[in-house]
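So the sequence lines, in the order shown, correspond to chains A and B.
Under the numbering used here, think of the first position of the first sequence as 40, with each following residue one higher.
Under the numbering used here, think of the first position of the second sequence as 194, with each following residue one higher.
Do not rely on the hints blindly, as some may be mistaken.
Claimed, not checked - Calculated cross-link-like contacts (lysine to any residue; reagent style SDA-like; alpha-carbon spacing at most 20 Å): (1) K126(A) to M40(A); (2) K228(B) to D198(A); (3) K80(A) to H275(B).
As the list claims (entries may be wrong) - If the Cβ cut is set under 10 Å, some of the chain B residues that face chain A in the computed set are: (4) Q201; (5) L203; (6) L204; (7) H268; (8) F274.
Claimed, not checked - Per the computed footprint, the stretches of chain A lying under chain B, defined by three or more beta-carbons under 8 Å from a beta-carbon of chain B, are: (9) 45 to 54; (10) 76 to 84.
Just so you know, the hints here were simulated from the structure itself, not pulled from any lab data.
As the structure is a prediction and not an experimental result, all values here were calculated from the model.
Note that beta-carbon positions come from the ideal geometry of N, C-alpha and C, so glycine has one too.
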Amino acid sequence: MKQLYLDNAATSWPKPAAVLAAMRRYFFRCGGNPGRSGHAKAIEAGRTVLATRERLAELFGVQDPSRIVFTKNATEALNLVFRGLLKPGDRVVTTSMEHNSVLRPLTALERQGVRLAVVQATSDGCIEQEVFCRSVDRNTSLAVVTQVSNVTGAITNLDPIGAHCRRMGVPLLVDAAQSVGCLPIDVEALGVDFLAFSGHKGLLGPQGTGGLYIRSEGGLEPLVRGGTGSLSDREEQPEFLPDRYESGTLNIVGLAGLGAGIELLLTRGVGKVGDHERRLHEIFLEGVEKLAGVRVQGPRDPLRQTGVVSLTFDGLSPSEAGQTLEDRFGILSRIGLHCAPRAHRTLGTFPEGTVRLSWGIFTRPRDIVYAVKAVKALAGERRGSG
Amino acid sequence: MSRRQDKQELLRRLEGLVTFFGSYHAMRAESILKKNGRQAVLVAGPREISPNCGVALRFDLAEQEEVRELLERNHVQYEDFHHYPLELRDR
C-alpha cells in the first residue's frame with residue numbers, strides 16, 4: 040500500500056536532496072569548528088554557518104545577520120526569551136492557542152511571580168487582534184503570540200498586533216515554528232522584537248536546528264553560558280551577538296543542511312510555497328465542507344489558515360480515525376492534543392483532541408484528493424453503520 | 194605559478210589586517226567585502242596582535258577607508274585595523 044505523509048507540522052518530510060548533499064559535504068569534506076581555530080577547515084565551517092545565517096536574514100527581512108542566533112529548536116528559542124527576560128512581578132500576555140513550548144515555561148514562571156494573562160481565542164481558534172491588543176498595556180513586559188496555530192493552521196494577523204505593541208513599548212515575541220517557510224515575514228517591518236523558529240519544519244532542514252531573531256539584546260540574559268571561541272582570555276560571557284547566546288559547539292552539520300533548505304525556499308519564493316499550500320487547503324476544504332459526520336475545526340477559510348487542518352468525526356474517536364487512515368489508506372496523520380491542551384479546550388475538543396493533517400511544499404494536489412476520499416469513506420461508513 | 198604561490202603572492206600584496214573579537218564578524222566581513230568587489234582573505238589571527246578569535250582578515254591597505262566604511266555600515270564589529278605585511282610575520 041502506498042504511504043502518504045501528512046504530518047509535516049510535526050516535521051517536514053521528505054527533505055530536499057540538496058539538504059542531505061550539504062550535510063554530506065560538511066561531514067566528509069569540511070569538518071572543523073568555527074571560531075575555534077584559524078585553519079582552513081575551521082574557516083570553511085565558519086563560512087557554512089554564516090551562509091545559513093545570511094539566508095535566514097534574507098528570509099526574515101533582517102539587515103544584520105548577527106541578530107539571528109541558533110538554538111536546537113524553537114522551544115529552546117522561546118525559553119531563551121522567557122528565562123532571559125522575565126522577572127517576578129512582570130506581566131506577560133499570551134493566547135489560549137499557544138503550544139506547550141510557550142505555556143509550560145510561562146506556567147513555571149508564574150509560580151515564581153510572573154503574572155500571566157491568557158487571551159481567550161474564539162471557539163474556532165482565531166485570535167481577535169482587538170481583544171489581544173486591549174490586553175497589552177504599558178505595564179506589560181512581554182506579548183507572546185503564535186503566527187500559525189499548530190492545531191488548526193489559523194493565521195494570526197501580526198500587523199495590528201506589532202503596531203500596537205510598538206506603541207505601548209511592549210516587546211513582541213512571535214512563535215513562528217509553524218509559519219516559517221510558508222508565510223512571508225518581514226520582522227523589521229512588522230515590529231517583531233523576537234522571532235522563534237524551528238529549522239526542521241517549513242525550512243526543510245534537519246531536526247536539531249532552530250533559532251531566535253533578536254531585535255535588541257538589552258536586558259536579555261543568555262540561557263546558557265560557556266565557550267564561544269571569542270574573548271577567550273576572559274571568564275565573562277561576551278556581550279556581542281551572536282556569541283552572547285551561542286555557547287558550546289553549534290550543530291554545524293545540521294546548519295549546513297538547513298542552509299540548503301532555505302536556499303531552495305528563497306529560489307522558489309516563500310510566497311509561491313504559500314500559494315501552493317493555500318491551493319491544497321482549498322481542495323481539501325471544498326472536498327469535505329458539505330460532508331456529514333466530519334467537522335473541520337478552525338476558521339475553515341484558506342485565506343486565514345495554512346498547512347494544517349484538524350478534524351473530528353462523529354461517533355469515531357481521533358485515535359480510531361487516525362489508525363484507520365493509516366491502516367486502510369496509508370495516510371500518516373497526527374492524533375490527539377498536539378502539545379496544545381489549551382487550544383483544544385478553546386475548540387471544545389479536549390481531552391480527546393483531533394486528527395491533524397498537515398501538508399508541505401512537496402505535497403501534490405492529487406495527494407489531497409486522495410486524502411479527501413479517505414476522509415469521505417471514514418465519515419460515510421460511520422454514518423451508514425450508525 | 195602554482196595556486197599555492199598565487200595565494201602567497203596575494204597575501205603579500207594584502208598588507209592590511211583586520212582583527213575581530215568573534216569569528217562570526219570575521220566571516221561576515223569576508224562575505225561583505227567579497228560581495229562589494231574588494232579583495233579579502235581570511236587567515237589565522239596572529240596571536241601577537243590579538244588574543245581574540247582565531248581568524249583575521251587580510252585586505253588591501255589602499256582600500257582601508259572603504260573597507261572600514263563597509264564593515265561599519267553592515268554592523269560588523271572589528272577589534273582593530275593593522276598594517277601587517279607578511280614579512281613582519283615571517284621574521
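A quick look at each hint next to the structure:
For the suggested pair K126(A) and M40(A), the alpha carbons sit about 54 Å apart, so the restraint of at most 20 Å is broken. Note on K228(B) and D198(A): the hinted pairing is violated, with a Cα-Cα distance of about 33 Å set against a maximum of 20 Å. Between the alpha carbons of K80(A) and H275(B) the distance comes to roughly 25 Å, so the proposed pair goes past 20 Å and is violated. Among the interface hints, the one on Q201(B) is violated; its C-beta lies about 15 Å from the nearest C-beta in chain A, farther than the 10 Å criterion.
Checking L203(B) against chain A by beta carbon gives a least distance of about 15 Å; that is not within 10 Å, so the hint is violated. At a threshold of 10 Å, the smallest CB-CB gap from L204(B) to chain A is about 13 Å, leaving the interface hint violated. Because the beta carbon of H268(B) sits about 4 Å from the nearest beta carbon in chain A, less than 10 Å, this interface hint is met. Given the 10 Å rule on beta carbons, the hint for F274(B) is violated: about 18 Å separates it from the nearest Cβ of chain A.
With 0 residues having a Cβ less than 8 Å from any Cβ of chain B, the stretch 45 to 54 of chain A misses the three-residue criterion, and the hint is violated. Residue count for the stretch 76 to 84 of chain A with a Cβ under 8 Å from a Cβ of chain B: 5. That meets the three needed, and the coverage hint holds.
The structure shown violates the earlier hints numbered 1, 2, 3, 4, 5, 6, 8, 9.
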